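Trainee: For the record, the sequence lines run as chains U and R.
Residue numbering for the first sequence follows my numbering, starting at 1 and increasing by one per position.
Residue numbering for the second sequence follows my numbering, starting at 116 and increasing by one per position.
The reader is advised that the hints may include incorrect statements.
[Unchecked claim] Which chain R residues stay away from chain U? Per the calculated CB distances, all over 10 Å, these: (1) L126; (2) S139; (3) S166; (4) E182; (5) T190; (6) H193; (7) F213; (8) P223.
[Claimed, not checked] Computed from the model, here is a short list of chain U residues facing chain R with C-beta under 10 Å: (9) P8; (10) T9; (11) Q41; (12) G42; (13) F45; (14) G56; (15) A92; (16) S95; (17) F106; (18) G107; (19) P108; (20) T110.
[To be verified] Here are the simulated SDA-like pairs of lysine to any residue, each with C-alpha atoms no more than 20 Å apart in a straight line: (21) R:K169 with U:T103; (22) U:K13 with U:S86; (23) R:K169 with R:G155; (24) R:K169 with R:H184; (25) R:K168 with U:T103; (26) R:K183 with R:F222; (27) R:K183 with R:S165; (28) R:K169 with R:H188; (29) R:K170 with U:T103.
Calculated from the structure, these hints are not laboratory results.
It should be emphasised that the depicted structure is a prediction, and the values quoted were computed from it without experimental measurement.
We put the beta carbon where it would ideally sit given N, CA and C, even for glycine.
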Amino acid sequence: ETGVTQSPTHLIKTRGQQVTLRCSSQSGHNTVSWYQQALGQGPQFIFQYYREEENGRGNFPPRFSGLQFPNYSSELNVNALELDDSALYLCASSSGLAGAADTQYFGPGTRLTVL
Amino acid sequence: KNEVEQSPQNLTAQEGEFITINCSYSVGISALHWLQQHPGGGIVSLFMLSSGKKKHGRLIATINIQEKHSSLHITASHPRDSAVYICAVIGNTDKLIFGTGTRLQVFP
Numbered sequence: 001e002t003g004v005t006q007s008p009t010h011l012i013k014t015r016g017q018q019v020t021l022r023c024s025s026q027s028g029h030n031t032v033s034w035y036q037q038a039l040g041q042g043p044q045f046i047f048q049y050y051r052e053e054e055n056g057r058g059n060f061p062p063r064f065s066g067l068q069f070p071n072y073s074s075e076l077n078v079n080a081l082e083l084d085d086s087a088l089y090l091c092a093s094s095s096g097l098a099g100a101a102d103t104q105y106f107g108p109g110t111r112l113t114v115l
Numbered sequence: 116k117n118e119v120e121q122s123p124q125n126l127t128a129q130e131g132e133f134i135t136i137n138c139s140y141s142v143g144i145s146a147l148h149w150l151q152q153h154p155g156g157g158i159v160s161l162f163m164l165s166s167g168k169k170k171h172g173r174l175i176a177t178i179n180i181q182e183k184h185s186s187l188h189i190t191a192s193h194p195r196d197s198a199v200y201i202c203a204v205i206g207n208t209d210k211l212i213f214g215t216g217t218r219l220q221v222f223p
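Extracted from the complex, chain U is given alone in its bound form (with noise of 0.2 Å):
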């Protein structure tokens, strides 16, 4: 196990209704990435928060926002859901601002299906 845990683990929502997802951190990691990775797809970066601040944006539109709290842990929230946003979402932490080149530790996601 990683230690980046994420809840819930399952979620069914309808069109138009709006999400929120969290993820704890691994403790002494001050950034949290975030990926959407739909079904037999690689995942794709949503953005990234470094220290409460975001540092960074996937081609992802603005209904996708999210948080970083004093302690590192993170919510991504989704508004007006669409069909397409059925997907398993990843969090990841890492321990600098060296992006990527950080070894990242993966959630387990949030499945989330929009009907």
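Start from chain U and add chain R according to the hints.
Mentor: Structure of chain R alone, referenced to chain U:
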């Protein structure tokens, strides 16, 4: 065309076989990760490498920066090696770009 391509997409093997999974990329990178994803989603980082070769147990990863190619080898494969193996590169934006993965099934 994806910036990171893996082959094969699916691979089946008998226990004990030597396995090779390939990764080619089209962007400049500073390093490359090999990741293992088990059913249910959990991802484990196997290797991060920027040159040469790394070995951990039965796993060996190599990278050729000039050819923009990396390979992951598994010696003496075992059913517990069954998983999706994902290659991810660190591109110019310093963020990970993932391949679509290779699904490996090892049968006893």
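Trainee: A separate judgement is required for each hint: does it hold in the structure or not?
Mentor: Hint by hint, here is what the structure shows:
With a least CB separation of 15 Å from chain U, L126 (chain R) remains clear of the 10 Å interface cut-off, as annotated. Non-interface call for S139 (chain R) relative to chain U: holds, since the shortest CB-CB distance, roughly 14 Å, exceeds 10 Å. S166 (chain R), annotated as away from the interface, keeps every beta carbon of chain U farther than 10 Å; the closest lies near 14 Å. The claim that E182 (chain R) is not at the interface with chain U holds, since no C-beta of that chain comes within 10 Å of its own (minimum 21 Å).
Every C-beta of chain U lies more than 10 Å from that of T190 (chain R), the closest at about 23 Å, which supports listing it as non-interface. Once the 10 Å rule is applied to beta carbons, H193 (chain R) is consistent with being away from chain U; the minimum gap is 21 Å. Not every CB of chain U lies more than 10 Å from the CB of F213 (chain R), the least distance being 3 Å, so the non-interface label is violated. With a least beta-carbon separation of about 26 Å from chain U, P223 (chain R) lies farther than 10 Å from that chain, consistent with its non-interface assignment.
Because the closest C-beta pair between P8 (chain U) and chain R is about 13 Å apart, greater than 10 Å, the hint is violated. This hint holds: T9 (chain U) has a C-beta 9 Å from the nearest C-beta of chain R, less than the 10 Å allowed. For Q41 (chain U), the suggested interface contact is upheld, since its CB lies about 6 Å from the closest CB of chain R, less than 10 Å. With 10 Å as the threshold, the beta carbon of G42 (chain U) comes within range of chain R, its nearest partner Cβ sitting at about 3 Å, so the hint holds.
Here the hint on F45 (chain U) is kept, as its CB sits about 5 Å from the closest CB of chain R, short of 10 Å. With its C-beta approaching chain R no nearer than about 6 Å, G56 (chain U) sits inside the 10 Å limit, and its interface hint holds. Annotation: interface hint on A92 (chain U) holds; nearest CB of chain R at approximately 8 Å, less than 10 Å. Interface restraint check: S95 (chain U) against chain R, minimum CB-CB distance 13 Å, threshold 10 Å, status violated.
Residue-level restraint check for F106 (chain U) holds (minimum Cβ-Cβ distance to chain R is 4 Å; threshold 10 Å). Hint on G107 (chain U) holds. Least Cβ distance to chain R is approximately 8 Å, under the 10 Å limit. For P108 (chain U), the interface hint holds, the least distance from its beta-carbon to any beta-carbon of chain R being 5 Å, beneath 10 Å. The criterion of a C-beta within 10 Å of any C-beta in chain R is met by T110 (chain U), whose closest approach is roughly 9 Å, and the hint holds.
Between the alpha carbons of K169 (chain R) and T103 (chain U) the distance comes to roughly 15 Å, so the proposed pair stays at or under 20 Å and holds. A distance of roughly 9 Å separates the Cα atoms of K13 (chain U) and S86 (chain U); the hinted pair therefore holds under the 20 Å criterion. Note on K169 (chain R) and G155 (chain R): the hinted pairing is violated, with a Cα-Cα distance of about 27 Å set against a maximum of 20 Å. Of the pairs offered as hints, the one joining K169 (chain R) and H184 (chain R) holds, with about 15 Å between alpha carbons and a cut-off of 20 Å not exceeded.
Between the alpha carbons of K168 (chain R) and T103 (chain U) the distance comes to roughly 17 Å, so the proposed pair stays at or under 20 Å and holds. As the CA atoms of K183 (chain R) and F222 (chain R) are separated by approximately 31 Å, the hinted pair breaks the 20 Å bound. Pair hint K183 (chain R) plus S165 (chain R) holds up; C-alpha atoms about 11 Å apart against a cutoff of 20 Å. Only pairs whose Cα atoms come within 20 Å are accepted, and K169 (chain R) paired with H188 (chain R) is accepted, the gap being roughly 10 Å.
A distance of roughly 16 Å separates the Cα atoms of K170 (chain R) and T103 (chain U); the hinted pair therefore holds under the 20 Å criterion.
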